[in-house]
Each structure stands twice: as structure tokens, then as C-alpha cells.
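First residue of the sequence shown? That's 6 in this note's numbering, and the numbers climb one at a time after it.
Rather than coming from a laboratory, the hints here were simulated on the basis of the structure.
Treat the hints loosely; a few may be bogus.
[Unchecked claim] Label pairs and their in silico Cβ distance ranges:
1. 30 / 102: 52 to 58 angstroms
2. 121 / 208: 24 to 30 angstroms
3. 30 / 248: 48 to 54 angstroms
4. 26 / 102: 35 to 41 angstroms
5. 112 / 30: 43 to 49 angstroms
6. 212 / 31: 34 to 40 angstroms
[Said to hold, decoys possible] The calculated PhoX-like cross-link candidates involving lysine-lysine, where the alpha carbons are at most 20 angstroms apart (straight line), are:
7. 268 / 45
8. 45 / 59
9. 45 / 134
10. 39 / 59
Ideal Cβ positions, reconstructed from N, Cα and C, are used throughout, including at glycine.
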Amino acid sequence: MLDPAWALTRPILWLALAALLVLLVVRTARKDRKEYQRFKRYRLTARRQEMFRKWFRDSVLTIGLVSLALLLLAWQYIAPLLHELTTWPVVRDIRGFVLHEPGVTWGIIAGLIIGFVVLTAIGVRAARKDDQIPMVGDIAAMLPRNRQELRLGALLSINAGIGEELMFRLALPAVIYGASGSAIAAVVGSVLLFGALHLYQGVIGVVSTTIVGAVMMLVYVVTGTIVVPIVLHALFDLRSLVLIPMAVHDVHRIDGVANPVTKSPGISPTKTLAKTPDADAATPPAPPA
């Protein structure tokens, strides 16, 4: 860990931040312009599973391990940043309410959970009736289409919950705060970068994930622990990549080995997908998983 009193600490953190920005820009551009566009054309489940695994490996390397490296550099800034954020009036008021009205707080949480479950159930029922899943952003192609892909979807969801929260709610804000000395820059910068990382989902996807990032940051600051946003993030992704495909299209009943050619389910994303030629025709299929 770097000593805040050391003269080279801030220059080193600025260099680390610049390197991270380059890494994220390259990763986002590659995923947006190449991988995801190609992935949307895949029909063979073997090819889709191969890409799911690649995304998992890339995420572990570019998000998970980089987060740990940044935390080693800027760990000493996490507590001061969190302390400063808790002095902001809105955050202070929310934390005060949570601490002094635990019964009401748990009631609100229970109500939100029940409401979330009920709305999800209503949405699933409507989607099963129409055989369409309304999606926010261009993520329809990522929905698993058989039980083999379903397992990979669960793995990606849990990995995203852990890696992205460590990066964008803990490590990146600490680095920005240590380099700039500004808590506002730390919060705004990390939230905007989190949204920009989802550029492959289109404008609507960027806006929605930016809002989600802001909410997760608020949850982290109010609770004072990164565990809560990690769990919430993982559950949110599991809902999209596991629960809904199972509930609407029964993908857990489809064997990807017996049915190597996938069929895109009736999905109505907020952003309509353009019809493109089948990429499997130009790419040799990998062995079935």
C-alpha cells in the first residue's frame, strides 16, 4: 500500500488510473464492436458457450485481478473516502434514519422485496403469455437458451456481482480519491465509468446501468459494507440471466447437447436487434460442452 504522505503516491495513482482507463476503453470497444456483435449471430450453443467462458475469463483478469491490484495501491483511502461521503447531508440523513428507526427500515426493505417479487412474477406471467421478454438495453442475445448456457449465465452473474462491485464501488473510487483528493470526482467518475462499460448494450443500457451504479454506490455508503451491493448485484443479474429464462422459456429443460442449434426465443428488447447473417457459417464450431 502506498503511503499518503509519500510525494510519489499521487503520481503513481494517476498513472494507475490512466492505465485502467485505457484498459477499460479497449475492453469496451472490443466487446462492443467485435465480440458482442458476432455473438448475436451465433446459433450453435457450442459457440455461445465458448464466448460465455471467454467473457468470464476476461472479466476475472480485467476486472477481478485489476481490482485487487488497485486495492493494494489505494486501500488506505477507502476509509477516509467512506467517512467523507457519510458527511454529505443526504447520506447522513438516510444513515441516521436507518440507525434510529431499524423497525421501519426493515419494514421498508421487506416491502421492497415483496414488491420486487410480485412485479417479477407479474412480468414473468405476462411474458409467458406473450412469449416475449421486454428488456432494457440490447441484452436479449445474452439470455441462456439451454441448461448448459444457464449454468454459465449463473457463473457470469455471480462473477459480475463480485468483480464489478469491488472495482466500481471500492477500488476505483479509492484510486480517484487518492489521486484527486475529491470525493465528488470519486463517486461521479466511478459511476459514469460503470455505465460506460456497458456500451455494448446501447444508449438505453448505458443509462440504466449508470442509474443502477449510482444506487449501488448509495447502498454501499449507507450500509458501510461492500457485501450488500455485491449480493444485490449478483441477485439482480441472476434474475435476468437465470430466473427469467427459466420461468419464461423453460430453458432448464432444454439439453444443449441434444439440441446444438439454438433458437432465439421470442424476445422484445427495448432496442430492436438488427438482422444479421449467421456467424456460425463462417466460424468452425467448437466441440459441444
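Outcome of the hint check:
1. 30 / 102: 52 to 58 angstroms: With a Cβ separation near 40 angstroms, residue 30 and residue 102 fall outside 52 to 58 angstroms, so the hint is violated.
2. 121 / 208: 24 to 30 angstroms: holds (25 angstroms)
3. 30 / 248: 48 to 54 angstroms: The hinted range 48 to 54 angstroms is violated for residue 30 and residue 248, with Cβ atoms some 33 angstroms apart.
4. 26 / 102: 35 to 41 angstroms: holds (37 angstroms)
5. 112 / 30: 43 to 49 angstroms: Holds - the Cβ-Cβ distance for residue 112 and residue 30, about 44 angstroms, lies within 43 to 49 angstroms.
6. 212 / 31: 34 to 40 angstroms: 23 angstroms Cβ-Cβ, so the 34 to 40 angstroms window is violated.
7. 268 / 45: holds (12 angstroms)
8. 45 / 59: The given pair, whose Cα atoms are some 15 angstroms apart, holds under the 20 angstroms limit.
9. 45 / 134: violated (25 angstroms)
10. 39 / 59: holds (13 angstroms)
The structure is inconsistent with the numbered hints 1, 3, 6, 9, although it conforms to all the rest.
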